[in-house]
Amino acid sequence: MKSKSDIIDLYDERGELIAEKIPLQAISPLRNRAIRDAIMTFKRSAIINLKKAEHALRTGALGSEMGIGEDCQIPGCEMDLDIVANAGAIADRIREWLQVEEGDDTVVEVIDNGEMLFVLVPTRRVEMGSDLANPRVNVGIAAAHAIIEAFGLTPFTGTEVIKSAIFGRYPQSITTKGALSGLIPAWPPTVDGVGLNFRTNMVNDIVAMTNKDTLNGAALSSILEHVAMFDSGDAIHPAYERYHLLGLAYQGLNADNLVYDLVKENAVDGTIGSVIVDLINRAAKDDVISVKETLPSGFKIYKTDDASLWNAYVAAGQLVSVIINCGAMRAAQGVPASMVEFNDMIKLATGLPDIDYGRGLGTSIGVSFYSHNIYGGAGPGAFSPANPLLRHCRGFLAPCFVAAMCLDAGTQMFNTELTSATFLRIRDILPEEVKKPIKSVAEAALELKGTLR
Amino acid sequence: MKQFQIPYPGDDAVANKRKEWLNASFSPKKIRDMSDEDIVRLLGHRKPGTAYSSVHPPLDELKEAQDPIKELVEPTPGAKAGDRIRYIQFADSRHLAPLPPWMRFRMYGVRLRGFDSLAYSGRTLLEQRERDLDKTSKFLMETEIFDPARVALRSITVHGFSLRLDEDGLMFDARRRYIFNKETGEVEYTKTQQSVPLEKRIRVGRPMSEEDLEKVATLYRFGVISPRDSDELLKVMKRIGELRVLGGLRPDLVDGR
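Chains as they are written, first to last, in this note's numbering: chain A, 1 to 453; chain B, 1 to 257.
Worth flagging that the hints you see were computed from the coordinates, not collected in a lab.
Where hints are given, some of them may not hold.
Label-pair distances were calculated between CB atoms; the ranges are [what the hints assert, rightly or not]:
id : chain 1 : residue 1 : chain 2 : residue 2 : range
1  : B       : 253       : A       : 293       : 13 to 23 Å
2  : A       : 193       : B       : 5         : 37 to 47 Å
3  : A       : 446       : B       : 5         : 33 to 43 Å
4  : B       : 200       : A       : 55        : 50 to 60 Å
5  : B       : 59        : A       : 96        : 45 to 55 Å
6  : B       : 11        : A       : 432       : 48 to 58 Å
7  : A       : 30        : B       : 222       : 48 to 58 Å
8  : A       : 16        : B       : 59        : 18 to 28 Å
9  : A       : 192       : B       : 221       : 37 to 47 Å
10 : B       : 248       : A       : 193       : 38 to 48 Å
11 : B       : 35        : A       : 16        : 48 to 58 Å
Listed below are the simulated DSBU-like cross-link pairs for lysine-lysine, each with C-alpha atoms no more than 35 Å apart in a straight line [to be verified]:
id : chain 1 : residue 1 : chain 2 : residue 2
12 : B       : 29        : A       : 300
13 : A       : 292       : B       : 80
14 : A       : 264       : B       : 80
15 : A       : 439       : A       : 449
We put the CB at the ideal spot given by N, CA and C, even for glycine.
All chains should be built: construct the whole structure from the sequences, respecting the hints.
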């Protein structure tokens with residue numbers, strides 16, 4: 001097994017060197033400040049859609065969940081409260097109740113003239129909490145109390161429906177479909193297994209957060225995916241830790257400029273096939289693979305002394321094949337097709353395993369199957385990596401979906417504006433670690449240079 | 001298009017034919033002429049001579065956030081114009097169709113920029129921006145990729161094709177989209193791929209003989225070249241299977257192999 005002492009160079013989305021000779025461990029979610037900050041931003045976040053709460057109370061359409069459809073209107077409990085107009089006062093109360101100490105890291109931002117509040121609860125509350133619901137529940141209850149106080153409500157004048165406007169029908173139902181959400185959409189009772197929380201964002205959510213920047217979108221998706229692997233126990237063995245860190249580096253963070261170089265070489269006249277040939281040549285040139293045996297026909301079987309690095313190269317190549325094919329079409333729907341063809345052909349061309357030891361190919365075929373033809377359902381942007389269709393490939397598929405949706409020029413019915421409008425509205429106030437992860441992670445990695453073996 | 005050859009194991013007729021399709025500079029033999037109008041009629045998405053409909057404004061008029069990758073990657077003409085995405089779907093027979101579904105899919109991956117495809121149960125879907133698709137469809141219908149008897153244009157009711165051949169050697173089609181004209185010896189389409197009747201029949205030429213099909217076939221089969229004789233391919237596939245299993249447990253088990 002290779003040691004942990006790998007050294008990488010990180011390049012930005014324009015192919016310019018931003019961090020030279022970085023130890024691989026410097027991009028670990030356990031060490032890298034920017035990744036840890038991004039993760040804390042996700043965990044600390046809560047979003048309250050005040051306009052939605054106001055509308056729900058005004059119409060009596062509360063709970064928003066029935067066996068069929070979304071209609072649940074309760075005549076007689078309507079309340080006409082100017083919540084949006086009073087957003088400032090509500091935000092001040094929430095801030096005061098959430099913060100542990102004056103001047104701590106609590107953030108309460110009023111968005112779109114009070115239509116929405118973006119909240120980051122203080123870190124100490126997250127440390128005290130037992131699960132991801134903690135920040136959101138606290139913010140939701142704080143918002144309810146703030147509305148009750150702002151409008152002088154009592155149990156005789158309608159306090160009971162304020163909770164429904166914010167939390168939806170929870171806890172009668174395990175879901176919340178009220179005005180409350182967060183950067184991680186997962187609501188703990190609904191998450192289908194352990195270690196999946198960071199995979200519950202829809203592809204379009206990531207596209208919105210990174211403002212449709214292809215490589216930064218892929219980077220944020222890759223970070224969340226591999227953090228989920230650390231979260232779920234998949235990165236616990238040294239071999240697997242390195243496997244995931246190399247995947248994050250080469251596919252997500254444009255390590256050694258591999259992704260950018262391959263895109264540039266194939267940008268004008270390349271196809272999935274030419275990306276495969278270029279990747280094999282590059283891997284051979286970088287001594288990642290070498291010829292093991294030449295068969296009588298002249299076909300070369302390759303071997304690798306570093307299978308995790310080969311997997312990372314394949315992950316980068318797969319992302320490039322998606323960028324070239326979906327980028328030429330400026331449409332996202334070809335993403336599973338690109339991944340299927342890339343993996344199918346590269347394994348036969350080298351005699352080496354494809355992405356994630358076949359899991360990527362299998363998952364891509366499943367996605368093709370269930371998103372086309374008679375089984376056609378949601379578009380690529382509406383999938384989340386925690387979806388049973390996508391979760392089996394451990395971190396290498398979702399970044400390709402995000403890249404494809406960033407490149408889509410408007411062909412998808414499930415587009416970012418439709419599914420992830422909330423994230424489009426808050427993206428400006430998100431920290432750089434979330435909006436521009438490539439640069440932020442590289443800068444944080446530079447801080448660790450020389451301190452790690 | 002860039003020139004390249006994707007390596008493929010084997011040196012028998014089938015493997016060599018597969019290698020041809022994995023070569024970007026390979027030009028398949030053109031065996032018929034079809035007018036642009038007939039292609040548009042068969043596709044059935046719009047009337048010949050009508051304008052392409054669009055799904056979004058031309059890229060030049062779109063206001064997009066700055067992205068270095070979007071600046072690098074050259075869009076296809078259809079994408080530039082904002083064309084709708086349209087489809088063509090082929091069913092390829094198990095009885096010596098020139099390209100079985102997975103080979104057709106690979107060929108798309110080698111030759112086409114900006115496509116979506118899916119090989120599923122004998123049918124192979126191809127979706128592209130409409131003007132790109134028109135061009136690709138002409139190429140697919142005019143060359144040796146299309147044999148009128150063993151390849152069919154079907155967007156709905158695809159099933160049944162691989163199980164039996166009709167009395168004229170054509171693939172069974174529950175929608176009866178095409179017929180064999182015994183007087184001319186040619187196959188004629190009477191319906192579009194969606195099975196909407198055409199105003200006039202469209203001739204797609206004579207079916208190839210069994211001997212010619214065997215020469216162009218890219219499928220190993222008993223009686224032609226047995227799959228058991230594809231030594232190199234089997235060796236590579238077994239190796240990939242073994243390495244997938246080992247790496248699936250722990251990646252470093254593949255190191256040095």
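Original post:
Does the Cβ distance between residue 200 (chain B) and residue 55 (chain A) fall inside 50 to 60 Å?
Top reply: This hint holds: roughly 57 Å between Cβ atoms.
Taking the beta carbons of residue 30 (chain A) and residue 222 (chain B), is their distance inside 48 to 58 Å?
The hint (48 to 58 Å, Cβ to Cβ) holds, given that residue 30 (chain A) and residue 222 (chain B) are roughly 56 Å apart.
Subject >> residue 192 (chain A) versus residue 221 (chain B) beta-carbon gap, inside 37 to 47 Å or not >> reply: holds, 44 Å
Notebook entry, point to check: Is the hinted range of 48 to 58 Å satisfied by the C-beta distance from residue 35 (chain B) to residue 16 (chain A)?
Noted result: Since residue 35 (chain B) and residue 16 (chain A) have Cβ atoms about 51 Å apart, the given range 48 to 58 Å holds.
That 48 to 58 Å hint for residue 11 (chain B) and residue 432 (chain A) (C-beta), does it hold up? Holds: the Cβ-Cβ distance is about 56 Å, inside 48 to 58 Å.
Could you check the hint for me, namely that residue 193 (chain A) and residue 5 (chain B) are 37 to 47 Å apart, CB to CB?
-> holds, 44 Å
Practice prompt. For the pair supplied as a hint, residue 439 (chain A) and residue 449 (chain A), confirm whether the alpha-carbon distance does not exceed 35 Å.
Written response: Cα-Cα ~15 Å, so holds.
Is the hinted pair residue 292 (chain A) and residue 80 (chain B) satisfied, with a Cα-Cα distance of at most 35 Å? violated, 45 Å
Verify the CB-CB distance for residue 446 (chain A) and residue 5 (chain B) against the hinted window 33 to 43 Å. holds, 42 Å
Problem - Range agreement (Cβ of residue 96 (chain A) with Cβ of residue 59 (chain B), hint 45 to 55 Å) - result: For residue 96 (chain A) against residue 59 (chain B), whose Cβ atoms are near 49 Å apart, the range 45 to 55 Å holds.
>> With the threshold set at 35 Å, check whether the alpha-carbon distance from residue 264 (chain A) to residue 80 (chain B) stays at or below it.
In response: holds, 19 Å
Margin query: Run the distance test for residue 29 (chain B) versus residue 300 (chain A): straight-line Cα separation, threshold 35 Å.
Written below: holds, 29 Å
Hints 10, 13, counting from the list given before, are not met by this structure.
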